[in-house]
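Trainee: Sequence:
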Amino acid sequence: MDTKWNNTTETVEIEPVMPQRKGTGLRAAAAFLTFFMGVSLTLGSLCGAVGRRAIGSDYAEWWQNDWQETPVFRNRISNDLESFLAIGVGRTVDWYHPDYSVEDTVSGTGTIWFFADTPMASYETSSAEAQDTSPDSAYKHDLNTIYAIHAADGKKYSNLEEVTGYRIALDEYSKLPKGYNFLLIYEDGKVSIWKDGKKLPVYDSDNILDEDSLWNVPGYTNFKVGEEEAKVTIKMAVRQIPILYKGSNSYSYNSLYWIYRSLQNSHEAWRSLAISFCVGLVLLAAWFVLRKERYAADQAIAKVTFHIWTELRFLAVFLCLLCLTVPMLAAADGYLWWYPDDVSYTIMQTLRCFGTGLFNPGAALGLFWAVWFIRNDHHYHPAETRKSLYRTVSSAMRKKELTYPIQKRINRRIAIRNLATVLATLGSFALLYIYLETYDEIALLGICAVWLVLGLLSSILWGRRERALARDFGLLADHVAAVQSGELTTPLDLPADADLRETAERLNSIQSGLKAAVAEQTRSERMKVELISNVSHDLKTPLTSILSYSELLMQEPLEGAASDYAQIIQQKALRLKSMVQDVFEISKAASDQLPVKPEVLDFGKLLRQTLADMDGEIQKSGLTFKLDLPEQPVEITADGTRLYRVFQNLLQNALNYSLPGSRVYLSLKTTGKAAVASLRNTSRNELPEGVDFTARFVRGDESRTDGGTGLGLSVAKSFTEACGGTFRVETMADLFTAIVSFPVSMHKPKQ
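Reading the sequence shown from the start, the letters are residues -11 to 739 in this note's numbering.
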């Protein structure tokens, strides 16, 4: 049978593509953001917490809500009491005095000896303070602590007038001014303390001052004062919420305020760290749910980090390590300088200093993410594919790989530009060094001006060259597009010094070659058509004579085999005539010289007309035709005569090669904007695979020498494509299907 299933490139099998789930990109971005923020908040808060503890940023018992319950407050009150005792025995209190400790107290002295007899000359005071020579001038104006001192010599010192405008007695808690909630009374060598209206226990049950004692004040069995100190009476009250007093340079001023403020800062810092840690844990939990979606984001990040040199990545790691270790080493060096002989203490403090580096969460997080980005990039890119400055430079230095002059010129410019960048960077550091050494602004401005002019000139020169190259690339791209569209006459003309001059000349040579090839192909096609036309014309004359004489011969009363011979001669001559005509028309169609008269026609009506014209042959064939043709018009634009020949060939092919008594199915359907007609029949023989049945002189049954010419399907395909349609065949074992498709015409039929 002169048919086959399409086994050529006309039909393309498309592999099924799994649809991408909607929102996958957003889920991947959300997964990475939760991971990034979760790790940053969690790790940052942990580093901040460890750093604060290591560096000692917080007072002891900083977690106390009441700042007056902390050791630093009790120590400050003990120091103030010491200073007031010094005033009470007639000594001058300087802005600096060492804190007396338990070890000093129990060493056997029994009295307080930590007073400065004269103020330090280097202490700077305000003019008002300079005029105030009273012993308590260092405390008088800080009203966070109000006091009344009855000295041993009968003198009295107090700052109560600063608060109330007149003296009041601090004999009991109920007489405290508003805002004060702490009262300490020292009398007869003993201390009594009231806080929030309640008297506090000062001395332990054994009345022995040791490291566990809360208050480091006189009155213990092992901490008694002398006779002069015992005659002094001190009453001091502390504000519940200290405020900041300005206008004084005294070290003692505002000491309680800064203790209170430091504790508040500690509360706020630890509260922020706790919130950050909890939020980070919540985000990490969310990331755990979305962790499978993060791989897409990791791949996208790897595509970006792939373009960063490996050396720069490890430089970032080094800088982060530097930011972490330099403070540690600096602190450790300080301990080594202060305590060169105490090796064990120096080692312990040096190890403690390593925790201070973690007080910089930014550097710690930078180190973590730098390492993570490196690991992520290495996971997706093998070592041989990673970008490296070394590889880039070495590749640029391989001149043998740059075979074209334009490559070498561009490579030379890149090298010069990189060298200029390095020199500019080094020059910037040199300028900074010069300025730090000389602090000469005029010289710095002059050098910067020269540097700026050189930079602008180089940018202008390089920019002009790059713009010319970009312009030439645009002209080259336009010319390539013109050649692609069929413009083969106008060459590309670039300046003689253009980088792409040689490339343009080669493209012009290709253009000339294409022009010559097209002309040669056109001449060859014309000669082929002329040859086929001449051969067809030369064959038609003898064929006409043969047919005429065969008809005359058959009209004669021939006997026996002579009558059969005459009939065979006529059949073969008719077949040869049909073959010559088919070859002639196929050749014209292949060279786009087949005359076509497009018109709007009813596809279904054409099929019915073809079936009606071949009804006699169909009835004789014994085949059953099953039709599925719509009643409504299906309008297409085609040449009716050529399309009639197409389906005449297809029906004739089905009549010649179908299995006797089988069914032939002819249908016409509209799918979208296309009208598709299909003819399906069962072949009497199994159809071979790998054969193009639309090729010339190909038949389904090669053992047959009679019947068709082997050009029926080739003619059908050529005519269909000439009319603007598509033609294909499909085969499966002995099942043959021919499919003809045309776009539905947008012409509105007349009513």
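It is possible that part of the hints are untrue.
[Unchecked claim] With a straight-line Cα cutoff of 27 Å, these simulated DSSO-like cross-link-like pairs (lysine-lysine) come out:
no., residue 1, residue 2
1, Lys187, Lys144
2, Lys187, Lys212
3, Lys585, Lys608
4, Lys166, Lys144
5, Lys163, Lys144
6, Lys163, Lys178
7, Lys143, Lys178
8, Lys396, Lys375
9, Lys560, Lys608
10, Lys212, Lys183
11, Lys593, Lys614
12, Lys657, Lys614
13, Lys178, Lys291
Since the hints were made in silico from the structure, they are not lab data.
As the structure is a computational prediction, the values presented were derived from the model and not from experiment.
Trainee: Quickly compare the C-alpha distance for lysine 178 and lysine 291 to 27 Å and report which way the hint goes.
Mentor: violated (76 Å)
Trainee: Between the alpha carbons of lysine 163 and lysine 144, is the straight-line distance 27 Å or under?
Mentor: Judged against 27 Å, a Cα distance of about 19 Å means the pair holds.
Trainee: Between lysine 212 and lysine 183, is the straight-line Cα distance small enough, at 27 Å or below?
Mentor: holds (24 Å)
Trainee: Within a Cα-Cα threshold of 27 Å, do lysine 396 and lysine 375 meet the stated pairing?
Mentor: holds (21 Å)
Trainee: Taken at face value, is the distance from the CA of lysine 614 to the CA of lysine 657 at most 27 Å?
Mentor: holds (14 Å)
Trainee: If you draw a straight line from the CA of lysine 585 to the CA of lysine 608, is it 27 Å or shorter?
Mentor: It is violated: about 34 Å lies between the C-alpha atoms, which goes past 27 Å.
Trainee: Holds or violated: are the alpha carbons of lysine 593 and lysine 614 at most 27 Å from each other?
Mentor: Answer holds: lysine 593 to lysine 614 is near 16 Å, not above 27 Å.
Trainee: Compare the distance between the alpha carbons of lysine 163 and lysine 178 with 27 Å, and conclude whether the hinted pair is satisfied.
Mentor: holds (21 Å)
Trainee: Straight-line Cα separation of lysine 187 and lysine 144 no greater than 27 Å?
Mentor: Holds: lysine 187 and lysine 144 sit about 26 Å apart, inside 27 Å.
Trainee: Does lysine 212 sit within 27 Å of lysine 187, going by the straight-line distance between their CA atoms?
Mentor: holds (22 Å)
Trainee: Is it true that the CA of lysine 560 sits at most 27 Å from the CA of lysine 608?
Mentor: OK: lysine 560 and lysine 608 at ~22 Å, within 27 Å.
Trainee: Given the hinted pair lysine 143 and lysine 178, is their alpha-carbon gap at most 27 Å?
Mentor: Within the cut-off at roughly 20 Å; holds.
In summary, the numbered hints that this structure violates are 3 and 13.
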